[in-house]
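Participant: Single-letter residue listing:
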Amino acid sequence: MKRTDTSNPDYYHRVVDCQWGCPAHTDVPEYIRLIAQGRFTDAYMVNRESNVFPGILGRVCDRPCEPACRRGRMDEQPVAICRLKRVAADHKDDIQDRLPVVPKKKNGKKIALVGAGCASLTVANDLMPLGYDCTIFEAQAVAGGLMRYNIPAFRLPAEVLQEEINYIVNMGVAVKYNHRVESLKDLLDEGYDAVFVGTGAPRGKELKLPGRYDTENIYIGIDWLESVAFGHIESIGEKVLIIGVGNTAMDCCRTSLRLGARSVKVMARKPREFFKASAWELEDAEEENIEIIVNHSPREFVIENGKLKGMTFEMMEYVIENGGITAEKITGEVFIPCDDVILAIGQENAFPWIERDLGIELNKWEEPTVDKVTFESTRKGVFFGGDSAFGPKNIIWAVEQGHQAAISIHRYCQDESLHERLPPTLNLGSRKMGMHEWSYSNDFDPAARRKMMHVSLQSRFEELGREVELGFDAEQTAKEVERCLNCDIQTVFFDSLCIECDACLDICPTQCLTITENGEREDLLQRLKAPVLEAGQPLFVSDALKQTGRVMVKDENFCIHCGLCAERCPTAAWDMQKSFLQFPQAADYASGSHNGKSPCQQRKAG
Amino acid sequence: MTYIAKPKIDLPGQKRNVLGLLQRDYEGSMSTLCAGCGHDSITAALVQALWELSIAPEKLIKLSGIGCSSKTPAYFVKGAHGFNSVHGRMPSVATGAHAGNRDLICIGVSGDGDSLSIGFGQFGHAIRRNLNMLYLIENNGVYGLTKGQFSASADPGSTAKKGAPNLMQSINPVATAIAMGASFVARSFSGDREQLVELIKAGIAHPGCALLDVISPCVTFNDHEGSTKSYAYTRLHKHQATAADFVPAAGEITAQYAEGEVISVKLHDGSSIVLKKADSDFDPTKRSSALGYLEKHRDLGEIPTGLLFIDEDWPEMHAIYGTAAKPLNAFTFEELNPGREALEKLQREMR
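Going down the list, the sequences are from chains A and B. Going by the working numbering, the first sequence opens with residue 1, and the numbers climb by one from there. Going by the working numbering, the second sequence opens with residue 1, and the numbers climb by one from there.
Calculated from the model, a selection of chain B residues having no Cβ within reach of chain A, i.e. all distances over 10 Å:
id: 1; residue: Gly-20
id: 2; residue: Val-86
id: 3; residue: Asn-166
id: 4; residue: Ala-175
id: 5; residue: Pro-327
Derived DSSO-like pairs: lysine-lysine, alpha-carbon spacing no greater than 30 Å straight-line:
id: 6; chain 1: B; residue 1: Lys-266; chain 2: B; residue 2: Lys-277
id: 7; chain 1: A; residue 1: Lys-546; chain 2: B; residue 2: Lys-238
id: 8; chain 1: B; residue 1: Lys-162; chain 2: A; residue 2: Lys-432
id: 9; chain 1: B; residue 1: Lys-59; chain 2: A; residue 2: Lys-529
id: 10; chain 1: A; residue 1: Lys-546; chain 2: B; residue 2: Lys-6
id: 11; chain 1: A; residue 1: Lys-546; chain 2: B; residue 2: Lys-276
id: 12; chain 1: B; residue 1: Lys-6; chain 2: A; residue 2: Lys-529
id: 13; chain 1: B; residue 1: Lys-277; chain 2: A; residue 2: Lys-546
id: 14; chain 1: B; residue 1: Lys-6; chain 2: A; residue 2: Lys-578
id: 15; chain 1: A; residue 1: Lys-432; chain 2: B; residue 2: Lys-161
id: 16; chain 1: A; residue 1: Lys-529; chain 2: B; residue 2: Lys-8
id: 17; chain 1: B; residue 1: Lys-6; chain 2: A; residue 2: Lys-451
id: 18; chain 1: B; residue 1: Lys-162; chain 2: A; residue 2: Lys-546
id: 19; chain 1: A; residue 1: Lys-432; chain 2: B; residue 2: Lys-6
id: 20; chain 1: B; residue 1: Lys-8; chain 2: A; residue 2: Lys-479
id: 21; chain 1: B; residue 1: Lys-78; chain 2: A; residue 2: Lys-529
id: 22; chain 1: B; residue 1: Lys-277; chain 2: A; residue 2: Lys-529
id: 23; chain 1: B; residue 1: Lys-8; chain 2: A; residue 2: Lys-432
id: 24; chain 1: A; residue 1: Lys-372; chain 2: A; residue 2: Lys-109
id: 25; chain 1: A; residue 1: Lys-451; chain 2: B; residue 2: Lys-8
id: 26; chain 1: B; residue 1: Lys-161; chain 2: A; residue 2: Lys-546
id: 27; chain 1: A; residue 1: Lys-479; chain 2: B; residue 2: Lys-6
id: 28; chain 1: B; residue 1: Lys-147; chain 2: A; residue 2: Lys-432
id: 29; chain 1: B; residue 1: Lys-276; chain 2: A; residue 2: Lys-529
id: 30; chain 1: A; residue 1: Lys-529; chain 2: B; residue 2: Lys-238
Please keep in mind that the hints were generated in silico from the structure rather than gathered at the bench. Even for Gly, the Cβ is constructed at its ideal location relative to N, Cα and C.
Take these sequences, add in the hints, and give me the full structure.
Facilitator: The following block contains the structure:
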């Protein structure tokens, strides 16, 4: 094999599993180290730069970083990354003076943003410091979108939400509350330089079964949650059935308990391994004695004298092969009594307010045609982001799409090509402090993942908005931060310095290093010291070493970044270097004086 | 030297030996030697060989004298017996230990100072007794612990770190051992793991004193340009005289060799050593051939490695003395102290 090209930022990025897994590429190990040092405000700012809403995401993020975490490959639980993010948000000081400065003199460009959810707010966050005039149109009386009315307050307190929204709104964003945009055409006629659509996927899917429209006790999950959030619904019947087993279903069932339901059953059509809800949300619901019933397919709503009596279900049996269902059969039918039913089987896009003659292409599912890089629709100057662009995903994806759309809007307003985009860049800096000292905690801590403490089952139902998760205490935080393997402290190899003394091979606790004759990839894999398991991590192959012409091979899969190879190396052929990845945002495209540094570099300098 | 201990990590798919042990179970404490020291590579080779041989840690005794090399026993097989003895006196202590318990597998680790200077006499007598042990010399040509003076194995003409040449002759432990009648003599290099592991295994299986001289560069004091025991010099000048494959008793010789280039030496426990020779005129079972081979390659400026001489039939110490087949610690008190009458009977026989 040829020498691995580590100059491509992707190489070292992939090694940092969490950062690679995060759509917004949050520098997770960096902020975990800052938390370890008690620098909560700094940790918060590292987060805010990429994910904009650390307090919110520290509670309700979908956490793609955690299943990716290297720690999980060591037969262990991943680092509680999301909980640590909340620690930073909970303990930070005032950050007002660290927010980007918004110029008094505007650049004369006006941007309209539809919907005050996470996508639009991110776009405003990125564009306001560049001098844009941003106006958000919001149908409700408050901002937040899905984050406010689809996520119950016992998971995400309103104060946390409001604080992080305020950081953006207070930059001088004009928010027109109670202003539902009824016509995109009218909006375009108002002369905005660009329009961003961040209206989410607001329509809950229907379940058209017999009896659906013969009672008022059947609700659409997201609409019902919204009514609860705004205080329009304050109670529910004693027995409630939730149809569907995604995260919305989890929010519906737990909210039902808080509105007076005594028995709540979540009805799933398929077995547990096919559930869409995140494992921790299922766990939290089951802790509250929610019953989840599998293999029951809804058949009919049973109505007697205009009153909902219950539902009938078909009991299913599946043949599962290689993680997929290959056959199914109905084994019987069962009636389950209930007072109310909440449908939580998914969401769809809906754009009744977009006229079909504006040059914006929508398919038959009302999904707009959106460029995956620029987030521009088929009409110039109209951009989509978040759930409204590619259907329901989650907050962190909406934030990242907001960042990308902001770049496009800026380029569009400056008459520059949307497709010419700055590449991500990478800086490496040694973390060597002395003979055996590194500026990171390199000792492997075998501690198990800390468990989040919850408000007791007695008191959590006393009021609707009581937050269930208590957050990590000081002891839990101190332990959990040490579990992070610091994957961003990279093992960097300098081929010409190696004298092939084997010291690194012998000291490596996971045997991820091998010196061997070069060969083709498949052949090399056979000769590695430790077996390679599928995990998608790259293989590093050095140049021919000068004494024997063999090559150093490193399997990045199981490296725990303990730095022992670098400590044992007599010639400093191995070094531990922090990889700073920089993902350009709108500010990096703006011209102007930045002391010779890009804003990207300036942000990192802290 | 490192400050943090090598962490123990349970990875999926780790291999276990016949005893159910992981390779890391054969490791010892963290080495305090210099980073990149050849001795640490030898330690790793010992760990690998002992793990592959599935030797129970409690069946092993590790002995050493004084010096960088003699710290080695602390760094492998934590669960084994050990004795870090007096400078140059490892062979005496090993003799005592093995006399007391002949069932123990004995590994003595010494250095060029410990064996070729202060302990030269002891070295010779361990060979003469044919003590059943692996006698491993970690040979770096300098006194590392006292800042890099030439040792007895430094080659004439090689230079110290600051440039001063060595004017004295060097003692070649391999040639000396063959000349003194050793039954197993081999040389290897700390940077040649494959060869070293096989020779360690063969040396442990050999019933007698197996001398294994290992060139082990001192990264701190003897890895410079004028050195003849540096990584670069050794790699450039080593000449593999034989490639040894140790085949355990239950194993099968599967490799195919051309006629005449291979010698298979069957050991008493049923295992065998398969030797592949580089030169057809070299016969490692003949002392004269081995000595001649060494001299010839010295003239060529080469360092022959591999198994250089073997005589598996020469009796080891217990056979020479005709001692009991059972180790002393397995005898009962009554057997060891048969009483006054038995003593008198013995004395009468000797009058």
